[in-house]
Amino acid sequence: MDATAALPTSPSATKGVSLRLVQELEGHEDRVWGVAWRPCDGSSILASCSGDQTVRIWEHSSGSSPSSAAWVCKAVLDSSHNRTVRQISWSPNGNLLASASFDATIGMWEYVGNEFSFIASFEGHENEVKSVAWNSAGTLLATCSRDKSVWIWEVLPGHEFECVSVLNGHTQDVKMVLWHPSLDILVSTSYDNTIKIWTEEGDGDDWHCAQTLGPPGSGHTSTVWAASFNATGDCMVTCSDDLTLNIWDSSADLSSANDDDSAKWKHLATISGYHDRTIYSVNWSSLNDLIASGAGDDCIRIFSKSQDGDQEGSQSYELVQKHEKAHTADVNCVQWHPKNPRLLASAGDDGIVKIWEVVGDLPHV
Amino acid sequence: MAPALINANPIVHEKKKRTSKPQANYNDAIPDVIDELEIFDHVRDITDPEHPYSLEQLNVVTEDSIFVDDAKNYVKITFTPTVQHCSMATIIGLSLRLKLLRCLPPRFKVDIFLAPGSHSTEAAINKQLNDKERVAAAFENPNLVDLVEKCLVSTEE
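Chains as they are written, first to last, in full-length UniProt numbering: chain A, 1 to 365; chain B, 1 to 157.
Derived by calculation from the structure, the hints in this document are not laboratory data. Treat the hints with caution; some may be incorrect.
[What the hints assert, rightly or not] The calculated lysine to any residue pairs, modelled on SDA-like cross-linking and capped at a C-alpha distance of 25 Å, are:
hint : chain 1 : residue 1 : chain 2 : residue 2
1    : B       : Lys-76    : A       : Asp-276
2    : B       : Lys-132   : A       : Glu-126
3    : A       : Lys-322   : A       : Asp-361
4    : B       : Lys-127   : A       : Arg-83
5    : B       : Lys-109   : A       : Gly-27
6    : B       : Lys-132   : A       : Gly-351
7    : B       : Lys-76    : A       : Ser-222
8    : B       : Lys-109   : A       : Asp-276
9    : B       : Lys-16    : B       : Pro-49
10   : B       : Lys-109   : A       : Glu-26
11   : B       : Lys-72    : A       : Thr-244
12   : B       : Lys-132   : A       : Ser-149
13   : B       : Lys-17    : B       : Lys-76
14   : B       : Lys-127   : A       : Ser-218
15   : B       : Lys-132   : A       : Arg-83
Just chain A, same shape as in the assembly (with noise of 0.2 Å):
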């Protein structure tokens, strides 16, 4: 056999690919958790939440390229939550930021008039909620919780939102829930090592676990952080505690209900051998195929579909960039710019927020 057969032979187009630090933004009293990019007018603010307790607001100053360090801390959100904010989560339309936080509540703020003003607060976990997402119309909310539970809120007139359904089927802490970039879908991963596919049923409120991802045969050995979609959907990708990535795969028509529901997303590739330590974020660019993945062991990686790949169809991914020390602590969460697919936002338990621009040529959309 050709010894050269196992080496990469065919260039990618992303290899060579770094990052650059456009600039730090200190401010947090303490570990940073997540970041969100709001989602709209050109997406020059970003969210951040943090064990302070508060959720931070960060606006580039129009004008200038958003890849230039001009970012500055516009508002402070200190009065929601009295305990770690873990999660943030904006409407699609970026005129509502939810918090999930340990305190056991959601926190809801809206943003008019260039101002934030804290509008709701629901209850109804049992302890520590630990993330929060909107579907792609921004008419239902899904939470999770410490308490094993996922639950789905409907969004009512007049800032009111209701609980149509509580879902129950981990048999742990429920660490992530993510819809489906554009169907009622929805994802959830856990301390149980397990990732579970919830659908309506029928015609309304009826939710149930259509699938669930994991052990025996396939999936994660340890807990699930986090998951990703790629821009059509019909792609995730998942992160452990196993220091694995695993992509899972929907050729099946995902908005006809009729299909064996049971078995519609299956296990494509494992990327395995890069981390060293937990992984807890994963997001895939909703802009090309780049995968980021942030760490505990204080680095941020990036993936993107190899070239030379696709034999069979398996499907292989090949790591274009380790940034050492993207932290001086674990890198808790990794995000794309949803326009610019050169911008990436990441989170620190160094307190700290950093905003990254990829240098190098990017794969072909």
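Keeping the supplied structure of chain A fixed, place chain B upon it in accordance with the hints.
Using the frame of chain A, we list chain B on its own:
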């Protein structure tokens, strides 16, 4: 009536002699390399949650149960509860974690494990003690923090 002790008659061991550290700590020119003995010095006097003895006296931690790789910024502590079904194992683990959080430079990554075979729910406790989100939430719980702080009082001269 006082609650029944989980281990009413623990074996108490002798404390090891203290060796004073060389001057490295006081001279910025010499890089402060952290070793097993230094970590042991930080944690040996933590009081057991159930007994008026230190973790050293009960052999819960020993110098040999600590592994340090200073160059890689890594510390691993393995501890052995006095009985296999010790319900205080989580509190001991959290005490070790909080103590090291306060003493070690932030560059260090710390893993804390039960000694293999030392506990009936070893895997579950190990997973919890090394999930930083669960640990962060525990340290925001006043009742738990209270228990942990009581164990640490004896380590603060």
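Against the structure, the hints come out as follows:
Straight-line distance between C-alpha atoms of Lys-76 of chain B and Asp-276 of chain A comes to about 15 Å, which keeps the hinted pair within the 25 Å bound. A C-alpha spacing of about 20 Å is found between Lys-132 of chain B and Glu-126 of chain A, which places the hinted pair at or below 25 Å, so the restraint holds. Annotation: proposed proximity of Lys-322 of chain A to Asp-361 of chain A holds, straight-line Cα distance about 16 Å (limit 25 Å). Restraint check for Lys-127 of chain B and Arg-83 of chain A: satisfied, since their Cα atoms lie roughly 23 Å apart, inside the 25 Å limit.
Only pairs whose Cα atoms come within 25 Å are accepted, and Lys-109 of chain B paired with Gly-27 of chain A is accepted, the gap being roughly 24 Å. Distance hint between Lys-132 of chain B and Gly-351 of chain A is fulfilled; the C-alpha atoms sit about 15 Å from each other, no more than 25 Å. For the proposed pair Lys-76 of chain B and Ser-222 of chain A, the alpha carbon gap of about 19 Å is at most 25 Å, so the pair holds. Distance hint between Lys-109 of chain B and Asp-276 of chain A is fulfilled; the C-alpha atoms sit about 11 Å from each other, no more than 25 Å.
Between the alpha carbons of Lys-16 of chain B and Pro-49 of chain B the distance comes to roughly 21 Å, so the proposed pair stays at or under 25 Å and holds. Restraint check for Lys-109 of chain B and Glu-26 of chain A: satisfied, since their Cα atoms lie roughly 23 Å apart, inside the 25 Å limit. Our distance criterion of 25 Å between C-alpha atoms is met by Lys-72 of chain B and Thr-244 of chain A, whose separation comes to about 21 Å. For the given pair, Lys-132 of chain B sits about 20 Å from Ser-149 of chain A by alpha-carbon distance, which is consistent with the 25 Å threshold.
A distance of roughly 23 Å separates the Cα atoms of Lys-17 of chain B and Lys-76 of chain B; the hinted pair therefore holds under the 25 Å criterion. Distance restraint check for Lys-127 of chain B and Ser-218 of chain A: the Cα-Cα separation of roughly 21 Å lies within the 25 Å cut-off, and the hinted pair is therefore satisfied. About 15 Å separates the Cα atoms of Lys-132 of chain B and Arg-83 of chain A, which keeps this hinted pair within 25 Å; it holds.
Going through the hint list in order, the structure satisfies each hint without exception.
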